[in-house]
Amino acid sequence: MLAPLGRILILASLFAAAAGAFIGFYAGRTRSAEGLKWARRFAYGYAAAIVAATLVMVYALLVHDFSVSYVAHVGSTQVPTWVTVVSLWSSLEGSILFWGLVLGAYITIATFFTRGKYEEYQPDAIGVWLACAAFFSFLIAGPANPFHTVLSPPLDGPGPNPLLQNHVLMAIHPPFLYLGYVGMTIPFGFACAALIKGRLGHNVLKPIRESLMLPWIFQSVAIMLGGWWAYEVLGWGGYWAWDPVENASLLPWLTATAALHSIMVVERRGILKGWTITLIQATFLLVILGTFMTRSGVFNSVHSFTQSAIGPTILGFLAAALLFTIGLLAFRIDKLEVEGRMEGAASREAMFLVNNLIFVLLTFTVLIGTVFPLIVEAVKGKQMSVGRPYFDSMTVPLGALLLFILGVGPALPWGRANAAQIKKALLPPLIGAIVFVAAGYAFGARTPWTLLTLAFGGYAAQVTLGQMFIPMLQRMKNGDSFGTAFVDGQLRRGRRRFGSYIVHASVVIVVIAIAISSSMRQQMELHFAKGQTLQAGGYDLTFVGVEERTEPHRLSTIGIFTIAKNGKQVARLEPRMNQYQMMREPIGSPDVHSTALRDVYISLSNIDAANETASITVFISPFIVWIWLAVIALALGALFALIPPRRPAVILSPSAATSKDPVPNDAAAETA
Amino acid sequence: MNRTVLFVGLLIAAVLVAILFLGLGKDPSEIRSPLIGKPAPSFALREVGTGRTVDVTQFKGKPMVINFWATWCAPCWEEHPVLVANARMLQPDVQFLGVVFQDKEDKILGFLNERGTSYPTVVDEAGKTAIAYGVGGVPETFFLDANGVIRAKYAGPMSPDILRENLQKAMKQ
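If you read the sequences in order, they're chains A and B.
Residue 1 is where the first sequence starts when you use my numbering, and the numbers rise one by one after that.
Residue 1 is where the second sequence starts when you use my numbering, and the numbers rise one by one after that.
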């Protein structure tokens with residue numbers, strides 16, 4: 001009953017998306033207001049159908065209707081309800097349905113909030129969005145159909161992948177990733193529309209920036225959650241392994257970050273238009289590439305879904321999207337008019353360009369490292385992998401350079417500056433650099449890269465804090481009280497500026513925390529008998545005993561440890577081995593004691609319940625929590641920057657109000 | 001029209017799509033064991049139940065099926081009847097041998113008494129043999145030819161078809 005209903009709804013969404021895409025492009029070409037209206041209606045229609053289809057699936061999962069093929073694959077009456085809901089995206093077909101749902105939500109929001117505005121670009125943008133939606137509905141209707149009818153339904157299913165049940169972070173990491181990934185479709189649509197029209201007007205920059213920023217925030221959090229999950233679950237004490245699928249999530253983030261910066265140069269100077277558009281399109285294409293990588297079975301990874309027929313289909317879509325984009329760029333990029341020019345190498349816009357080049361270089365570095373094994377296998381027929389050394393040796397210098405630019409860039413003024421101004425801007429932050437290096441040295445940092453990172457970080461921190469509070473300090477100079485100046489200068493007026501510099505400050509913290517945690521990590525292998533106490537990195541670890549716990553879907557063998565510092569117990573950790581019924585191997589679950597300064601992390605390598613002995617690996621890593629916390633701060637800062645500025649108090653003159661491209665005064669003022 | 005954008009773009013796109021296309025259709029979880037084509041690592045382990053030592057070299061001269069498993073692994077229960085039936089059918093032409101690791105002897109004995117067996121099972125207490133064979137998880141099955149050379153490896157539970165297909169590779173030699 002539910003399966004046919006789901007299939008009908010998916011076909012309805014496919015129809016709405018395909019028809020809407022066609023009408024959108026047609027309306028863009030003929031500038032038909034009626035056509036635009038219909039394109040919008042079809043956009044809402046697509047969203048309604050796909051939301052309804054997802055609800056049908058969620059309902060089928062909740063009532064354990066095993067006559068729906070997807071439920072028969074991933075459902076189980078044995079698992080907790082939250083696992084049942086999460087299994088919506090735990091397997092291939094469901095994850096594509098979830099993709100469609102998120103795309104529906106994004107298209108609805110974008111269509112609704114741009115109604116009556118940007119009418120030059122909207123029809124083509126809707127056309128592009130719905131064309132993408134049509135592809136995903138086609139996938140759901142055909143190669144990845146979760147709504148097949150199972151003729152003789154089983155009484156119970158196997159439940160979702162045990163790794164997914166192993167930690168609650170797995171319930172939130174994928175949705176964030178989809179909100180990031182899928183959202184990149186919206187700026188892609190605007191960028192294509194601008195190219196189709198051969199014009200990137202000032203007014204359309206705002207929706208492009210905002211529609212890029214929102215998924216960028218989700219993507220940032222998703223990458224962090226993925227690292228956090230790996231750290232909490234996989235048991236090797238690290239959070240990033242340059243796994244192909246981790247790289248897949250990083251690639252579009254890199255180009256999106258570059259685009260968010262180059263948009264500002266377009267806003268201020270009217271240059272880098274074609275470049276910015278290219279970055280936004282590359283972001284979307286890398287999203288599709290990442291989707292291919294996770295779902296084609298070409299790459300092996302903890303994340304990858306098993307191989308399936310949908311790999312070739314997604315590859316076909318990627319090829320088509322590449323052709324469309326490259327054709328569009330080739331034919332239209334020269335039409336985008338350049339309004340200004342680059343002023344000198346020691347200017348802020350030049351630093352933006354350097355920042356962009358580094359991000360693009362990083363993108364290529366990671367991309368080549370990710371697909372290189374495929375090239376080798378195709379050419380030589382040998383299996384190989386590009387390991388950490390390649391990625392570390394390539395990305396660490398580029399990352400340090402980015403941190404350097406993050407300090408120097410905002411210190412420099414826009415446009416031309418004379419030597420005295422440059423000196424005045426660049427010299428004082430050296431104090432911050434010295435302070436950070438000294439503090440790091442006192443803490444025990446010795447490796448050259450870590451000290452260099454601290455120097456750049458200190459420099460950037462001082463510049464960032466200085467720039468962050470300029471509006472408030474100016475108001476206080478003019479006689480405002482601290483409170484008024486803070487509220488008015490930081491919270492009301494200068495939100496975009498304040499938020500952006502919170503993002504920068506967070507990045508400084510993340511990079512320093514990564515440098516310190518990876519260069520100063522201690523790792524020890526210890527073997528315990530029951531009751532034994534051993535020392536590790538200034539802590540006393542005691543093995544209290546073994547506990548076996550049986551749950552319906554798994555059997556856990558838990559090693560119980562207490563951790564004491566200076567004779568005082570600080571934590572009790574319970575690393576465990578989980579044996580799931582349907583898995584070949586037991587899955588270890590480490591346990592972590594986190595403090596602001598360092599984490600104590602225990603991973604079981606062997607546990608013997610009969611003899612009550614345990615072998616563990618202990619990792620003591622400083623500053624780890626700051627990575628997670630700073631990324632959360634980054635997301636909040638970026639969200640704050642997204643809150644639209646208050647409407648200008650001055651009434652625009654009639655000519656300005658009706659002009660096609662009013663210069664957004666407050667946006668320009670805020671980024672000054 | 002901007003020819004540079006067109007040519008550079010198409011070049012990057014063509015290379016990328018070609019690489020990804022070539023990558024399609026392979027199973028990345030099928031890890032080609034470096035041991036295939038090489039003589040099987042020798043081992044001598046204690047047999048469950050009897051306590052006598054079983055040396056793998058004593059079976060030279062006929063093809064062998066070495067199955068790594070454990071009692072805590074559900075897929076191993078699933079494949080057990082397949083192995084037992086085929087071992088019974090194929091003896092004395094093919095020698096089957098079970099190797100259990102990360103497990104306890106009383107549990108293994110209980111398992112075999114309950115479900116029956118038709119071939120010897122040895123215990124790899126320290127897990128050294130499993131390491132020598134590069135076993136990543138259970139069950140994993142190796143197929144040796146009459147000269148003791150590994151001809152095939154399969155990770156995952158045996159079905160009659162999978163068993164026949166892999167055993168043919170070992171019998172051909």
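Keep in mind that the hints were calculated from the coordinates and are not lab data.
Using N, Cα and C, we set each Cβ at its ideal position, and we do this for glycine too.
Where hints are given, some of them may not hold.
[To be verified] For lysine-lysine, the following DSS-like pairs were computed, each having C-alpha atoms within a straight-line distance of at most 30 Å:
#	chain 1	residue 1	chain 2	residue 2
1	A	Lys206	A	Lys380
2	B	Lys153	A	Lys530
3	A	Lys530	B	Lys128
4	A	Lys380	B	Lys62
5	A	Lys380	B	Lys169
[Stated by the list, open to error] Distance ranges between label pairs, derived from CB positions:
#	chain 1	residue 1	chain 2	residue 2	range
6	A	Arg31	B	Leu24	39 to 49 Å
7	B	Val149	A	Gly387	22 to 32 Å
8	B	Pro41	A	Glu525	18 to 28 Å
9	A	Val487	B	Gly136	43 to 53 Å
10	B	Pro41	A	Leu629	48 to 58 Å
11	A	Gly387	B	Pro41	47 to 57 Å
12	B	Leu10	A	Gly538	34 to 44 Å
Structure-based check of each hint:
The hinted pair formed by A/Lys206 and A/Lys380 fails the criterion: a straight-line CA distance of about 49 Å is larger than 30 Å. Distance restraint check for B/Lys153 and A/Lys530: the Cα-Cα separation of roughly 39 Å exceeds the 30 Å cut-off, and the hinted pair is therefore not satisfied. Proposed proximity of A/Lys530 and B/Lys128 is supported: the alpha carbons are some 25 Å apart, at most 30 Å. A hinted pair counts as satisfied when its Cα atoms are at most 30 Å apart, and A/Lys380 with B/Lys62 does not qualify at roughly 35 Å.
For the hint linking A/Lys380 to B/Lys169, the alpha-carbon distance of about 24 Å falls within 30 Å, and the restraint holds. For the pair A/Arg31 and B/Leu24, the beta carbons lie near 42 Å from each other, so the given range of 39 to 49 Å is met. For the pair B/Val149 and A/Gly387, the beta carbons lie near 31 Å from each other, so the given range of 22 to 32 Å is met. Distance hint check for B/Pro41 and A/Glu525: the Cβ-Cβ separation is about 25 Å, which falls inside the suggested range of 18 to 28 Å.
For the hinted restraint 43 to 53 Å between A/Val487 and B/Gly136, the CB-CB distance of approximately 60 Å leaves it violated. A hinted range of 48 to 58 Å holds for the C-beta pair B/Pro41 and A/Leu629, which are about 49 Å apart. Separation of A/Gly387 from B/Pro41 is about 26 Å and departs from the stated range, judged on CB atoms against 47 to 57 Å. One distance hint, 34 to 44 Å for the beta-carbon pair B/Leu10 and A/Gly538, is violated here, with the actual separation near 59 Å.
Checked against the numbered hints listed earlier, the structure breaks hints 1, 2, 4, 9, 11 and 12; every other hint is satisfied.
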